[in-house]
Amino acid sequence: MNYDFKSAEKKWQERWEREGVFNAVDGSDKPKFYALVEFPYPSGAGMHVGHIKAYSGLEVVSRKRRMQGYNVLFPIGFDAYGLPTENYAIKTGIHPRKVTDINIEKFTSQLKRVGFSFDWNRVIDTTQEDYYKWTQWIFLKMFENGLAFRDKTLVNYCPSCKVVLSNEDSQGGKCDICHSDIIQKSKDVWYLRITRYADKLLEGLDEVNFLPNIRLQQENWIGRSTGAFVNFKIKDTDETLRVYTTRPDTLFGVTFMVMAPEHPLLDRYKEQISNFDEVESYRAECAKKTEFERTQLVKDKTGVKLSGFTAVNPVSGKEIPIFISDYVMMGYGTGAIMAVPAHDQRDYDFAKKFGADIIEVIKGGDIEKEAYAGDGEMVNSGFLNGLTNKKDSIAAMIKHLEEKGVGEAGVQYKMKDWAFNRQRYWGEPIPIVYCDTCGMVPVPYNELPLRLPEVQNFAPGSDGESPLAKIDSFVNCTCPKCGAKARRETDTMPQWAGSSWYFLRYIDPHNNERFADADKLKYWGQVDWYNGGMEHVTRHLIYSRFWHRFLYDIGEVPYKEPYAKRTAQGLILGPDGEKMSKSKGNVVDPNDVVDALGADVLRTYVLFMGDYEKAAPWSESSVMGCKRFIDRVWGLTNMIGEGEGYSAKLETSFHKTIKKVSDDLETLKYNTAIAALMTLLNQIYAAGSVTRKELETFIALLNPIAPHVTEEINEVIGNKTLLAVTPWPAYDEAKCVDDEIEIAVQINGKVRAKVVIPADADADTAIAKAKAEPGAVAFIEGKTVIKELYVKGRLVNIVVK
RNA sequence: GCGGAUGUGGCGGAAUUGGCAGACGCGCUGGCUUCAGGUGCCAGUGAAUGCAAGUUCAUGUGGGUUCGACUCCCGUCAUCCGCACCA
Numbered sequence: 155m156n157y158d159f160k161s162a163e164k165k166w167q168e169r170w171e172r173e174g175v176f177n178a179v180d181g182s183d184k185p186k187f188y189a190l191v192e193f194p195y196p197s198g199a200g201m202h203v204g205h206i207k208a209y210s211g212l213e214v215v216s217r218k219r220r221m222q223g224y225n226v227l228f229p230i231g232f233d234a235y236g237l238p239t240e241n242y243a244i245k246t247g248i249h250p251r252k253v254t255d256i257n258i259e260k261f262t263s264q265l266k267r268v269g270f271s272f273d274w275n276r277v278i279d280t281t282q283e284d285y286y287k288w289t290q291w292i293f294l295k296m297f298e299n300g301l302a303f304r305d306k307t308l309v310n311y312c313p314s315c316k317v318v319l320s321n322e323d324s325q326g327g328k329c330d331i332c333h334s335d336i337i338q339k340s341k342d343v344w345y346l347r348i349t350r351y352a353d354k355l356l357e358g359l360d361e362v363n364f365l366p367n368i369r370l371q372q373e374n375w376i377g378r379s380t381g382a383f384v385n386f387k388i389k390d391t392d393e394t395l396r397v398y399t400t401r402p403d404t405l406f407g408v409t410f411m412v413m414a415p416e417h418p419l420l421d422r423y424k425e426q427i428s429n430f431d432e433v434e435s436y437r438a439e440c441a442k443k444t445e446f447e448r449t450q451l452v453k454d455k456t457g458v459k460l461s462g463f464t465a466v467n468p469v470s471g472k473e474i475p476i477f478i479s480d481y482v483m484m485g486y487g488t489g490a491i492m493a494v495p496a497h498d499q500r501d502y503d504f505a506k507k508f509g510a511d512i513i514e515v516i517k518g519g520d521i522e523k524e525a526y527a528g529d530g531e532m533v534n535s536g537f538l539n540g541l542t543n544k545k546d547s548i549a550a551m552i553k554h555l556e557e558k559g560v561g562e563a564g565v566q567y568k569m570k571d572w573a574f575n576r577q578r579y580w581g582e583p584i585p586i587v588y589c590d591t592c593g594m595v596p597v598p599y600n601e602l603p604l605r606l607p608e609v610q611n612f613a614p615g616s617d618g619e620s621p622l623a624k625i626d627s628f629v630n631c632t633c634p635k636c637g638a639k640a641r642r643e644t645d646t647m648p649q650w651a652g653s654s655w656y657f658l659r660y661i662d663p664h665n666n667e668r669f670a671d672a673d674k675l676k677y678w679g680q681v682d683w684y685n686g687g688m689e690h691v692t693r694h695l696i697y698s699r700f701w702h703r704f705l706y707d708i709g710e711v712p713y714k715e716p717y718a719k720r721t722a723q724g725l726i727l728g729p730d731g732e733k734m735s736k737s738k739g740n741v742v743d744p745n746d747v748v749d750a751l752g753a754d755v756l757r758t759y760v761l762f763m764g765d766y767e768k769a770a771p772w773s774e775s776s777v778m779g780c781k782r783f784i785d786r787v788w789g790l791t792n793m794i795g796e797g798e799g800y801s802a803k804l805e806t807s808f809h810k811t812i813k814k815v816s817d818d819l820e821t822l823k824y825n826t827a828i829a830a831l832m833t834l835l836n837q838i839y840a841a842g843s844v845t846r847k848e849l850e851t852f853i854a855l856l857n858p859i860a861p862h863v864t865e866e867i868n869e870v871i872g873n874k875t876l877l878a879v880t881p882w883p884a885y886d887e888a889k890c891v892d893d894e895i896e897i898a899v900q901i902n903g904k905v906r907a908k909v910v911i912p913a914d915a916d917a918d919t920a921i922a923k924a925k926a927e928p929g930a931v932a933f934i935e936g937k938t939v940i941k942e943l944y945v946k947g948r949l950v951n952i953v954v955k
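Numbered according to this note's numbering, the first sequence spans residues 155 to 955.
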């Protein structure tokens with residue numbers, strides 16, 4: 155009898171769903187396990203084998219946990235707001251709602267065909283009213299708590315998408331969506347004050363178990379640095395120019411200052427700065443540069459020296475010039491720096507070009523040649539002279555500054571506040587009303603959701619206005635506070651809003667009273683294990699930790715950190731070793747694999763193809779190896795022989811394999827778990843027959859990975875209970891070792907022979923046996939034995955001279 | 001520039017964390033089998049050398065520690081990723 159994977163897979167998928175085998179039970183007595191995978195963006199292209207790999211890891215763990223008696227919550231949903239759907243709508247005129255529904259249906263059927271054990275009763279769609287109502291609700295809570303605010307600043311702007319982007323969405327100076335160069339534009343935008351949570355997000359990392367590289371990337375992104383703020387007096391004014399520095403101890407070496415060209419102080423002293431026309435033309439020059447160009451010109455510094463506008467060094471009392479230059483960014487620190495050319499290469503380059511003084515304050519380098527950033531004895535630094543420890547000199551200087559009232563210790567972050575509004579249609583409307591008398595007024599909670607209105611044209615206006623701005627019936631409203639005529643905010647939230655709290659909604663997806671019931675939140679608690687892509691580590695993972703922590707702070711969720719553990723899978727590359735992309739034509743469609751070889755083969759292969767955390771290329775022929783494996787597993791049904799329990803020959807192998815698979819599935823080592831099952835299968839084939847007990851153990855171990863074929867076998871051998879709810883096989887540690895073992899006999903560390911000894915042999919026995927081995931004798935004869943070692947169960951090493 | 005990771009057969013990758021390098025799979029070679037047609041079964045497969053038992057070499061590269069190193073230490077090269085004029 156051949157295994158007909160097509161009908162079998164369909165049969166089992168239908169039965170699982172019919173019986174609700176994978177539905178999580180609220181408040182069950184069993185221990186809970188909440189496994190989370192990043193919900194997909196339902197794009198028109200359909201799913202990708204990469205999605206399958208991303209979900210298969212925790213899919214296997216979830217199935218195993220159910221067999222181990224856990225109440226498992228393993229949900230899925232759709233992160234459906236976003237630009238690709240909107241752009242498609244602009245191009246085709248088809249409403250994004252319709253496109254989204256079609257795509258979600260497509261994704262759902264694809265996911266079901268693979269046999270994932272998701273709880274389909276808890277599916278969420280971020281674009282549904284009953285979901286985004288709560289996204290808006292959380293936004294209003296943030297607004298209420300001063301975490302959502304408007305500000306006019308320089309923002310990242312994509313001229314092609316005509317949209318403001320967050321810092322996270324413009325990594326590398328490129329638009330996250332269309333990869334155009336980002337420009338800096340002065341705009342009045344919504345921000346979420348994520349910087350207020352910088353320290354909490356940093357400290358929270360201590361409480362959770364994230365892969366080290368994930369943790370590090372978050373730390374770097376937050377980018378905390380400590381130093382001091384120093385106030386420099388501007389000569390002939392009451393003004394001070396404030397700077398941030400990590401090295402206040404080099405203050406005696408400050409020979410000039412540099413302000414960002416956009417620094418607002420400049421405009422206030424237009425009159426005093428006699429060459430303000432130069433300032434303006436330099437600004438115009440800078441505005442033309444993209445973020446990329448601005449960072450490319452690292453060596454060739456440009457700038458303008460201000461005339462009639464100088465500062466006073468607060469420790470030396472010397473008058474020093476002020477420049478403007480675009481190597482100083484308005485977005486970090488205070489937008490101005492104190493330049494220490496002797497000990498900072500950028501300042502050094504600038505000083506050389508503009509003829510500023512270079513004063514050495516730390517010994518150890520050669521400042522004739524380049525800036526010296528190392529440690530050393532302080533010189534030319536008044537009260538700091540002679541100090542050799544960086545920490546001491548920094549502390550001494552800060553103390554001095556604080557006593558004089560011209561500065562204080564301070565902290566800075568690279569992370570910036572989250573630019574939150576998008577001038578787009580397909581997103582959650584921001585529930586704020588502008589009233590001439592009351593200002594910004596939140597839409598009352600009981601009026602949520604603020605529905606996304608229908609529009610005819612999804613394209614943003616040429617002036618970069620949201621499509622919603624054209625809908626008078628949406629824009630015009632009354633002020634909830636005073637009843638006067640008012641206007642609505644017409645921008646929408648970014649794609650990342652809905653995904654910032656979705657893991658909470660899975661806990662109670664149909665609740666109309668709250669985003670999730672408090673008791674249910676308590677029962678399910680943290681996500682026990684969250685797996686997703688590395689590309690989200692400095693976006694979604696930061697954002698969602700921030701939202702969650704905020705909800706904790708206002709008492710809405712019972713625990714600080716949302717995710718107890720976070721891992722990341724590696725990409726699946728195309729067969730050519732390149733990243734899969736439509737344009738390269740190297741995309742593998744999971745549907746094709748399921749059609750041709752079956753879901754079990756696809757599932758097995760994505761886990762077997764390599765280290766789960768690393769990128770690996772897809773290989774047509776390697777998939778066939780997994781197909782062969784699954785077919786051979788089916789072949790076991792023809793090999794059932796006599797005998798109870800494990801056969802003497804295979805008992806140890808079974809215990810070892812149960813142990814290995816049990817361990818490996820917990821540590822992302824799916825590839826070696828499958829390899830161990832393949833090895834065991836080969837051993838069974840070599841033995842020629844399999845006992846019922848052996849077969850039952852084997853299919854139980856394989857079930858989380860290849861659930862269909864194993865359920866089918868389980869049925870064929872007459873078992874009525876689903877394998878999915880059968881207990882996970884147990885092993886006996888004592889039976890994991892063979893009675894007799896073969897160990898290596900080394901002479902001077904080189905293997906010269908092998909010898910079989912009892913596993914519990916002592917060192918003397920083992921060494922004596924090893925020395926008698928003919929292969930070893932030849933190397934020992936005529937030499938003096940210096941040392942003899944026995945490493946239990948491994949080898950004997952005889953050192954001779 | 002800073003930070004991180006990786007480097008093992010023809011390929012994807014193993015290696016109990018200092019103990020027999022190359023598990024498992026692909027590919028390849030030979031044989032068997034079937035209605036000869038992609039996907040069955042068996043055996044072999046790191047390199048060099050040898051009729052052979054064997055011997056020598058081999059985990060990017062150069063040193064070191066050790067009875068013993070893919071694993072630890074120092075140097076070096078290469079590739080990939082992240083951040084980037086962050087003061």
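Just to be clear, a hint being listed does not mean it is correct.
[Stated by the list, open to error] Within a straight-line C-alpha distance of at most 30 Å, the following computed DSS-like cross-link-like pairs (lysine-lysine) qualify:
#1 Lys889 to Lys823
#2 Lys443 to Lys570
#3 Lys184 to Lys946
#4 Lys387 to Lys328
#5 Lys160 to Lys339
#6 Lys955 to Lys923
#7 Lys316 to Lys823
#8 Lys387 to Lys545
#9 Lys908 to Lys946
#10 Lys733 to Lys768
#11 Lys442 to Lys506
#12 Lys813 to Lys768
#13 Lys184 to Lys714
#14 Lys295 to Lys387
#15 Lys260 to Lys639
#16 Lys295 to Lys341
#17 Lys847 to Lys160
#18 Lys904 to Lys847
#19 Lys558 to Lys341
#20 Lys160 to Lys184
Just so you know, the hints here were simulated from the structure itself, not pulled from any lab data.
As the structure is a computational prediction, the values presented were derived from the model and not from experiment.
These are the hints, each one checked on the structure:
About 23 Å separates the Cα atoms of Lys889 and Lys823, which keeps this hinted pair within 30 Å; it holds. For the hint pairing Lys443 with Lys570, the CA-to-CA distance comes to about 21 Å; that is within 30 Å, so the pair holds. Straight-line distance between C-alpha atoms of Lys184 and Lys946 comes to about 41 Å, which puts the hinted pair past the 30 Å bound. Between the alpha carbons of Lys387 and Lys328 the distance comes to roughly 38 Å, so the proposed pair goes past 30 Å and is violated.
At roughly 56 Å between alpha-carbon atoms, Lys160 and Lys339 are farther apart than 30 Å, so this suggested pair is violated. The suggested pairing of Lys955 with Lys923 holds, with an alpha-carbon distance near 20 Å, which does not exceed 30 Å. About 44 Å separates the Cα atoms of Lys316 and Lys823, which puts this hinted pair outside 30 Å; it is violated. With a C-alpha separation of about 26 Å, the suggested pair Lys387 and Lys545 falls inside the 30 Å cut-off, and the hint holds.
For the proposed pair Lys908 and Lys946, the alpha carbon gap of about 14 Å is at most 30 Å, so the pair holds. Taking the CA atoms of Lys733 and Lys768, the gap is near 13 Å; set against the 30 Å cutoff, the hint holds. In summary, the hint linking Lys442 to Lys506 is supported, as the alpha carbons are separated by about 26 Å, within the 30 Å threshold. Between the alpha carbons of Lys813 and Lys768 the distance comes to roughly 24 Å, so the proposed pair stays at or under 30 Å and holds.
Of the pairs offered as hints, the one joining Lys184 and Lys714 holds, with about 24 Å between alpha carbons and a cut-off of 30 Å not exceeded. Between Lys295 and Lys387 the CA atoms are separated by roughly 41 Å; this puts the pair beyond 30 Å, and the hint is violated. About 44 Å separates the Cα atoms of Lys260 and Lys639, which puts this hinted pair outside 30 Å; it is violated. At most 30 Å may separate the alpha-carbon atoms for a hinted pair to count; Lys295 and Lys341 meet this at roughly 24 Å.
Proximity of Lys847 to Lys160 is assessed by CA-CA distance (about 27 Å); at most 30 Å being required, the pair is judged to hold. For the given pair, Lys904 sits about 42 Å from Lys847 by alpha-carbon distance, which is inconsistent with the 30 Å threshold. Annotation: proposed proximity of Lys558 to Lys341 is violated, straight-line Cα distance about 38 Å (limit 30 Å). Distance check on the hinted pair: Lys160 and Lys184 sit about 34 Å apart at the alpha-carbon level, beyond 30 Å; violated.
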